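**Student:** Sequential numbering of the sequence shown, starting at 4, is according to my numbering.
It should be emphasised that the hints constitute simulated quantities derived from the structure, not laboratory data. Since the structure is predicted, the reported quantities are computational estimates derived from the model, not experimental observations. Yeah, the Cβ is synthetic: ideal placement off N, Cα and C, and Gly gets one too. Any given hint could turn out to be false.
List of simulated lysine-lysine pairs, DSBU-like, C-alpha gap at most 35 Å [unchecked claim]:
no.: 1; residue 1: Lys29; residue 2: Lys68
no.: 2; residue 1: Lys152; residue 2: Lys191
no.: 3; residue 1: Lys127; residue 2: Lys115
no.: 4; residue 1: Lys196; residue 2: Lys175
no.: 5; residue 1: Lys191; residue 2: Lys175
no.: 6; residue 1: Lys68; residue 2: Lys135
The calculated label-pair distances, taken between Cβ atoms and stated as ranges, are [to be verified]:
no.: 7; residue 1: Lys127; residue 2: Asn84; range: 22 to 32 Å
no.: 8; residue 1: Leu207; residue 2: Arg161; range: 43 to 53 Å
no.: 9; residue 1: Pro61; residue 2: Lys34; range: 14 to 24 Å
no.: 10; residue 1: Asn201; residue 2: Asn100; range: 36 to 46 Å
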Amino acid sequence: MGVEVRPGNIHDSIVFDDIYGNVTEKFPEIKAIAADAGYKTPWIAKRIIDDNRIPVMPYRRPQGKKDFYKPHEYVYDEYYNCVICPENQVLNYSTTNRDGYRDFRSDPKVCKDCPNRNKCTTSKKYQKVVLKHIWGEYLEQVEDIRHSKYGKEIYSLRSQTIERVFGDAKEKHEMRYTRLRGLDQVTKWVKLKFACINLKKFALHLYKDNPFPSINTLIYRFLSQINLHLLCVMEVY
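Modelling step: build the complete structure from the supplied sequences, incorporating the hints.
**Tutor:** Below you can see the structure in the form of C-alpha cells.
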C-alpha cells in the first residue's frame, strides 16, 4: 500500500507522517491504524485521532530506573495545573519546553525529608522534575482503545498482515540485506520488490476467484489488469 525508505539512523516515528499521508490519500476509507510501540508518540496519536481514525498500538513499558516510581504514578491535575507525586506532594508547573513537554518541579525543602526520596530522585538539589506532554491525553485515549475489544481484535491481525509482509520479503525475496549503495538505489530496489510482491498477490486472488480457468483466460485477465502497474513501474525506474 505504501513504502518509505530512509537511512537506518532515523527513528520509525519520524517517517510516519510521509507514509501515513501517502496511504490515507490513496485509501481514504481506512478506519484504523495498527502500529508497533515505536510509533506510540503523542503526535502520531493526535494526528490519527484528529483524522477520525482509530490508533491501535500495543503496551509500552514505562521508561525510568528500576525500583523507582513509575511515570504514571505522578498524576497530572488539570484543574490546578500541577502534578501529585506518590507521596501526595505537589509539583508546581515551571515552563513548557520546545518539545512540547510541561515541566513540573517539586519543592526541595519537602523532598529533602521525604522517606522515599531514594525511589523518586537522585538529584543533589533534592528536587524531582516531571515532564508531561501537552498532547498526553491522546495517549490516554490510545490506552483505552488498547483495552477495548475492538482494539484487541485489530491488533491481533498485525502478526498475520504487517509482520507477514516483512517475513516474506526477508525470507523469499532477499530483502534481509542489500548489496546496493546509496539511498536512491536502495529505494528503487525496495519499491520494485514490493511491486512484484503485489503482482504475485494479485495473481493468487485471480486464481481464487476461478480455480479452474483455461490458461489463456488466466493469462489474458492477469495481463489486462497489470498493464497499468507495469507502466507505473517503468515510469519510475
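**Student:** State for each hint whether it applies.
**Tutor:** Quick rundown of the hints versus the structure:
Distance restraint check for Lys29 and Lys68: the Cα-Cα separation of roughly 43 Å exceeds the 35 Å cut-off, and the hinted pair is therefore not satisfied. Of the pairs offered as hints, the one joining Lys152 and Lys191 is violated, with about 40 Å between alpha carbons and a cut-off of 35 Å exceeded. Of the supplied pair hints, the one linking Lys127 and Lys115 holds, its CA atoms being roughly 10 Å apart against a limit of 35 Å. Distance hint between Lys196 and Lys175 is fulfilled; the C-alpha atoms sit about 11 Å from each other, no more than 35 Å.
Taken as a hint, the Lys191 and Lys175 pair is honoured in the structure, with Cα atoms around 18 Å apart against an allowance of 35 Å. Distance hint between Lys68 and Lys135 is fulfilled; the C-alpha atoms sit about 17 Å from each other, no more than 35 Å. A beta carbon spacing of about 27 Å between Lys127 and Asn84 agrees with the range 22 to 32 Å that was offered as a hint. About 21 Å separates the C-beta atoms of Leu207 and Arg161, a value inconsistent with the hinted range of 43 to 53 Å.
Pro61 and Lys34 have their C-beta atoms about 19 Å apart, which keeps the hinted 14 to 24 Å range intact. At roughly 44 Å, the beta carbons of Asn201 and Asn100 sit within the given window of 36 to 46 Å.
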